[in-house]
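Participant: Protein chains in written order, with my numbering: chain W, 1 to 637; chain C, 1 to 202.
Derived by calculation from the structure, the hints in this document are not laboratory data. It cannot be assumed that every hint is accurate.
Some, not all, of what chain C presents toward chain W, calculated at C-beta under 10 Å [what the hints assert, rightly or not]:
1. L31
2. Y37
3. Q73
4. S103
5. F107
6. T109
7. V111
8. G114
Derived CB-CB ranges, DEER-like [claimed, not checked]:
9. W:P237 to C:H186: 50 to 56 Å
10. C:E117 to W:P353: 34 to 40 Å
11. W:N637 to C:K202: 40 to 46 Å
12. W:E614 to C:L22: 21 to 27 Å
13. C:G148 to W:T108: 33 to 39 Å
14. W:K6 to C:K202: 49 to 55 Å
15. C:K202 to W:A565: 35 to 41 Å
16. C:G148 to W:E568: 18 to 24 Å
17. W:A547 to C:H186: 40 to 46 Å
18. W:K446 to C:L22: 46 to 52 Å
19. W:E227 to C:L22: 41 to 47 Å
Ideal placement from N, C-alpha and C gives every residue a C-beta, glycine not left out.
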Amino acid sequence: MSVIKKNAPGSNELLMGNEAIARGALEAGIQFAAAYPGNPSSEIIGTLAEVAEEMGIYVEWSVNEKVALEAATSASFSGLRAISAMKQNGVNVASDFILNLNLSGVGTGGLVLVAADDPGAISSTNEEDSRFIAKLGDLPLLEPATFQEAKDMTKWAFELSEAINSLVVVRSVSRISHARGNVILGELPREKRTARFDTSKIFIPVSAPLRHLALHMKLNKVREMYESSPFNWYSGPEKPELLMITSGSGWFYSLEAVKTLDVKDHVGILKVGTTWPLPSKLLAKHMANVKRVLFVEEVDPFMENNVKELAAEWSPEIGSWTFYGKNSGHVHPFGEINPDLIINAVSKVMDKPYAAREVGYGQKALEMTKALVPNRDLSFCAGCPHRATFWAIKSALKLDGRGGFVAGDIGCYSLGLGPAGFFQLKTMHAMGSGTGLATGFGQLHKFGFDQPVLSVCGDSTFFHAAIPALINGIYNQSNFVMVVLDNSATAMTGFQPHAGTGKTATGSPAPIVDIEKLCQALGIRVETCDPFNIQDTTEKVLDLITAEGGVRVLISRQKCALVKAKEEKAKYKVHVEPEKCLGESCGCARLCTRIFKCPGLIWNKEKGKSEVDEVLCTGCGVCADICPQSAIVRKEN
Amino acid sequence: MTLSKDPLNLIITGVGGQGNVLASQLIGRALVRESFYVTIGETYGATQRGGAVMSHLRISKESQFSPLIPEGQADIVVALEPVEALRVIGQYGNPSVSAVVNSRPIFPTAVTVGDAEYPSFQKIQETIRGLTRKSWFVDASEIALSLGSPLFTNIIMVGALAGTNLIPLTRKTFEEVIKETFAGAHLADNIKAFSKGVGLIK
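So here's chain W without its partners, still in its complex pose (with noise of 0.2 Å):
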């Protein structure tokens, strides 16, 4: 099924660009690959992880970004060739070991690191440019514009790779990652490279000041072969009234602004592939040329302000600029770009008036359907355990009264901030964040703090970085209830999966890491509970908050409610019984359809009455506990 393993050179194929830098890294003959899941970058390796035995090659998901490239490294030090690749949190994750191997250098295999960034955050909690750090890593940097350049750029990174001793970052975005386009495939390598590590050699990042240097020298080795790649070009009148500077998915909409607006004439784009470090005779030929230049990128004004800082050194002798971008205002300097705004960017500084269509019609269009289409709210999954774990911290921390909270992180569990958990999430940053929190939260009492808390991570979350918070608290005698959400899989990003699921990348058994047996080798108290017995979870959460001092632990363990519809039958059938539900006149408030909201409970307006949608109800029977009228009644099945 897996057209990335297809050998097929010179066929015209649609691919993800996720799989195309798969596929570039399977034609650079890459034999070892190594990632935490994360969006928009999840699939690169899990399309290699598909077709790993076929090709011969290892792929794993690792505990975390920063073992997953220490892991991929290990490989390029035995001379194969090895990529990682993650979101940009991961790159923050896995930065404090890249600082150190810029510095080291990489071994004779080539060593590639994909950082695919989320602009608008669209599958992220934060919004970030990774390609910050190859500027603080003096490390190469590569942006793909297109599907066929992701994977050309992929599989040319390992060449460079090797080439200067360096590991080299490919930046995709959403939009590359995750949009899909034509691609000619290349040729697959045969030859199998023996992994061996050389002890005669060293990989160590001292003497920094001086391997700091050779950095320094490699990045002035890499500039000279960026002057003349073939990833930068330029398209346009010889001596434009403006230049567009653009780079990755910027491309794109830079294209479609200067075809959109008829102005290939007065207008000339400069696409660079290779912004760090970048280009600079090439970028002087082409600013030589014109006194306007407006920048084109996602996220960070990061090529505009370098592009800027080279400007200040060529002023006066080559000229000096008016410059469009994100610093004027021109293009947002945060979120997504697109189609819109850059046309609209270039409408206003070419002075070209622009109207997405006909007037009237937009604004009866808008008019006419914005008052029929209702919202598609966030809501967790019917039937999702997430559900039913708030449900019962909501409940315990209710009945303890003592102004309770709870700290938490990234995965499906973040919708715990809003309507579908209840509103009980109050904090949210990085992975394992939740944990670390809590620990400090926990040593408060000190200076008045008397509140319970809690944090929530996810099974994964819980190897990849709460373990290490967990430990804190554990050491510093912190007190708080850390709940872990057992869901048995990497929810959020797709099903892959992690320690505890006992199941390798490529779908081989693996070893259980016990998240149980784990803690209570670290000498806490240890409760487990299934979070759809409400009453037995909101007991054991009430008990633990109420117990004196220390960290405790409580596992929340039922199957992530998509991966259980794949596999079992529901355990319950559930109906409303319309004799016993009361309505509005029960005085629950419509508890099950307003409060608890399960996508398998509708509110049946003419009927007054609450009734089970049997398409999208998957028979958790959580819901028969809510009710105070007893009126949802499940069966065994």
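Got chain W sorted already, so can you dock chain C onto it with the hints?
Facilitator: Just chain C now, with coordinates in the frame of chain W:
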């Protein structure tokens, strides 16, 4: 076969779980087979949690286009769910847009819990007719159910799109791509679903 416009902008819309991505990929792969440049942009994120989803397809003989269609620039809208057609036409419609719309609603949680209203199908039809050059309303979900599963809805809608002749692809090309995608009993079922979809357009 030639395009009526270059690039031709197609939006497939629906609700997470209806098979938007598969539908856009089938159409995209069929077009690549016929040597078109195709770019597909998907709205990702919380697609499995009942959210509104959209796939943008840019089809060209000349070059690769960006994965996002500018506002007001859709040429064809295929909606697996009726209010999603309205949502998309409101933002991307123009006087010459065409729409193929499945009639079966999927109620948002806000509606099922009684916080919002879902418009009547008649009102949806009237509005879409008033904002499009041509529109077709089809009972794809009903046919899918009659074939044994609501999961066929997306393939039936791909068939309906093929039936409109709005995109430059023959039935044969579609069927070849379906054959590449499905195996065994699924293949026969999907070919049947596709063909039922084609038949919905008169």
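Participant: State for each hint whether it applies.
Facilitator: Each hint, compared with the structure:
1. L31: holds (8 Å)
2. Y37: holds (6 Å)
3. Q73: Where the cut-off is 10 Å and the nearest Cβ of chain W is about 7 Å from Q73 (chain C), the hint holds.
4. S103: violated (15 Å)
5. F107: Cβ of F107 (chain C) sits 8 Å from chain W, so the hint holds.
6. T109: Where the cut-off is 10 Å and the nearest Cβ of chain W is about 5 Å from T109 (chain C), the hint holds.
7. V111: holds (5 Å)
8. G114: Hint holds; G114 (chain C) Cβ to chain W Cβ min 4 Å, cut 10 Å.
9. W:P237 to C:H186: 50 to 56 Å: holds (54 Å)
10. C:E117 to W:P353: 34 to 40 Å: holds (39 Å)
11. W:N637 to C:K202: 40 to 46 Å: About 44 Å separates the Cβ atoms of N637 (chain W) and K202 (chain C), which means 40 to 46 Å holds.
12. W:E614 to C:L22: 21 to 27 Å: Once the Cβ atoms are compared, 25 Å apart, the range 21 to 27 Å for L22 (chain C) and E614 (chain W) holds.
13. C:G148 to W:T108: 33 to 39 Å: violated (57 Å)
14. W:K6 to C:K202: 49 to 55 Å: At 40 Å between Cβs, range violated.
15. C:K202 to W:A565: 35 to 41 Å: holds (38 Å)
16. C:G148 to W:E568: 18 to 24 Å: For E568 (chain W) against G148 (chain C), whose Cβ atoms are near 22 Å apart, the range 18 to 24 Å holds.
17. W:A547 to C:H186: 40 to 46 Å: Violated, at about 54 Å.
18. W:K446 to C:L22: 46 to 52 Å: violated (58 Å)
19. W:E227 to C:L22: 41 to 47 Å: For L22 (chain C) against E227 (chain W), whose Cβ atoms are near 44 Å apart, the range 41 to 47 Å holds.
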